[in-house]
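Chain by chain, the residues:
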Amino acid sequence: MYKFSSTDIRTWALLGQRGTLGKVLYDMIGERKNIIAMTADQGALIGFHRIQNQYPDNFINMGISEQNAIGVAAGLSNEGYIPFLAFQAAFTSLRCADQTHVAMAYMGLNIKLIGIFSGLTQGDCGPTHYALHDIALYRSFPKVTVLSPSDATQMVKVLQATSEVFSPTYIRIGGPNNLPIVYKEDFDFQIGKAITLREGKDVAIIATGSMVYNSLKAAEILSSKGISSTIMDMHTIKPLDKQAVKESLSHKLIVTVEEHSIYGGLGGAVAENLSLLKKRPPHLIIGTQGEYPHAASYSYLLEQAGLTPEKIALKIENTYKEIC
Amino acid sequence: MNDMKMLINTAQQVRKNILRMTLHAGSYGAHIGGGLSLSEILTTLYLHTMNISPKNVCNPERDRLILSKGHGAIALYAVLKEAGFISENELFSFKQDSKNFWTHPRKDPTIGIEFSSGSLGQGLSLAAGTALALRKQNNNAHIYVVIGDGECDEGSIWEAASFISHHQLDNITVIIDENKLQLDAPTQDIVNKDKLSERWQSFGFEVLTIDGHNIPDLVNAFSHRSTKKPIAIIARTIKGKGVSFIENNPEWHVHPLTQQQYEQAMEELKNV
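Residue numbers (the working numbering), protein chains in the order written: chain A, 1 to 324; chain B, 1 to 272.
These are computed hints drawn from the structure, not numbers from a lab.
Some hints here could point you the wrong way.
What the hints assert, rightly or not - Here are the simulated DSSO-like pairs of lysine-lysine, each with C-alpha atoms no more than 27 Å apart in a straight line: (1) B:Lys99 / A:Lys143; (2) A:Lys143 / A:Lys201; (3) A:Lys143 / B:Lys95; (4) B:Lys136 / A:Lys33; (5) A:Lys143 / B:Lys107; (6) A:Lys321 / A:Lys193; (7) B:Lys107 / B:Lys136; (8) A:Lys33 / B:Lys228.
What the hints assert, rightly or not - Using C-beta positions, here's what the derived DEER-type ranges look like: (9) A:Gly126 / B:Asn220: 49 to 59 Å; (10) B:Ser98 / A:Leu94: 32 to 42 Å; (11) B:Pro60 / A:Gln52: 22 to 32 Å.
All values reported here derive from a predicted model rather than from experimental measurement.
Beta carbons: idealized from backbone N, C-alpha and C, even for Gly.
All chains, please: the whole structure from these sequences, using the hints.
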């Protein structure tokens, strides 16, 4: 459907992951009439209006009723449709957790749930709109695949791949418009298979979502200090790519980086995977912790949380020097 | 007329099944009160109104039942047995380890259980999604959703009610099993249900209020349709209906039966 030309890639980056969602779903619905785009009053923020105008039968605005939205998506799914349901990650994970628990984890219905504004993206709205727990929740749900694309182009790949498989899926997106580009050209993407973006020997950095780009930048800083890093884009958090985690064992330090709580996210997934190994490198988990900061700009919050490239690099450098 | 007599007899047989299953479940007991209040409702749906049978259970044209008040599963199983979907052996595997039939229904399309339930307040949303899907496919099947009056405490019921009337999903009939008791106490004492009929009306439903144990009334109400309007049937029932010491007694929401209680209950049913 797409050529993944440099123009495509720049366009998607400008749209950000949310805008890309609206654009790609629009194109997918043009080809597949069993896809239904759904939102809970967030359509204007994800470019769903074009879908609404062009394909009204394939669009449902649920209004501000997230619990009902999951039930309706479940009903549609049970009759053979593929609902792509997108609203704030803070609410996809908590407001309707009981509904997703029954529909996705228990019944295994093919719902594609997309949490927008994940992590600290909607910083100006404050802690009610932070989503720093959604990976932890969905990772603990049986049957549910958890995806966290690192840029807009990977979001395109994620949407294409997930539409091809019958699997209840949680997709976590975030970041601003004009999103940094991780993938400058076409690349192979497979759910459950991490992508190695850089190879080094000292530190293995396993990152997901927005933190893949920041980790790449951090690796450049570390390189200037004589520490070489491997970077893995762990876009699929569940099922975790165990082979990729195994490959990280050849390094002196494993680091996971995520815009999510250090409890139960990617760090937890990797740590659980390593827990029975007798000999393994230490594992530094970088993410958010402690009390929620008050509302602020996204960039300020990332800085405060230690999730900028500079702060990530500094934390890795200090840890590396201390224990390796 | 013979049809009505058959349904009345079957509903009594369903009650007997419920008592036998509860006895069989031993110290677990069962949701016997709500099961007995649902006997006529589910019997009438499965053996009269709904276009569903073991033969067409996988046919897209089948009517669909969604038991939102999942704890009424004991009555559903008892009716599925009478309608030929499950065997006597399966019925009495109720609450047996490694078997399928427990407190709440688990999705099993081969016997017409469309969705798993147990967490209250979700069935009406599932019905809305199903109804939209059927409408998109020009499928004229009808969807019946059974909810409890206590379940109307759940906010998500009203989210779904708004949505259903906004989209004019007239292929949905909601049946509210108004037995006036919930686990802890009379529904009225916990959070009052005053003007329940007006509440549903104000959400855009055409509301019928009937005696939920009167089979001719149920037959009429279940076949009622209203163009562009969903139907809500408030079925006034008695929790524990048919057994004197269970009727209207909150203690029997979930309860085991002793052999002696079982015999007394069966005797009372025989005399109806």
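Hint check:
no.: 1; hint: B:Lys99 / A:Lys143; in the structure: holds, 22 Å
no.: 2; hint: A:Lys143 / A:Lys201; in the structure: violated, 35 Å
no.: 3; hint: A:Lys143 / B:Lys95; in the structure: holds, 25 Å
no.: 4; hint: B:Lys136 / A:Lys33; in the structure: holds, 11 Å
no.: 5; hint: A:Lys143 / B:Lys107; in the structure: holds, 15 Å
no.: 6; hint: A:Lys321 / A:Lys193; in the structure: violated, 31 Å
no.: 7; hint: B:Lys107 / B:Lys136; in the structure: holds, 23 Å
no.: 8; hint: A:Lys33 / B:Lys228; in the structure: holds, 25 Å
no.: 9; hint: A:Gly126 / B:Asn220: 49 to 59 Å; in the structure: holds, 54 Å
no.: 10; hint: B:Ser98 / A:Leu94: 32 to 42 Å; in the structure: holds, 35 Å
no.: 11; hint: B:Pro60 / A:Gln52: 22 to 32 Å; in the structure: holds, 27 Å
Checked against the numbered hints given earlier, this structure breaks hints 2, 6; the rest are met.
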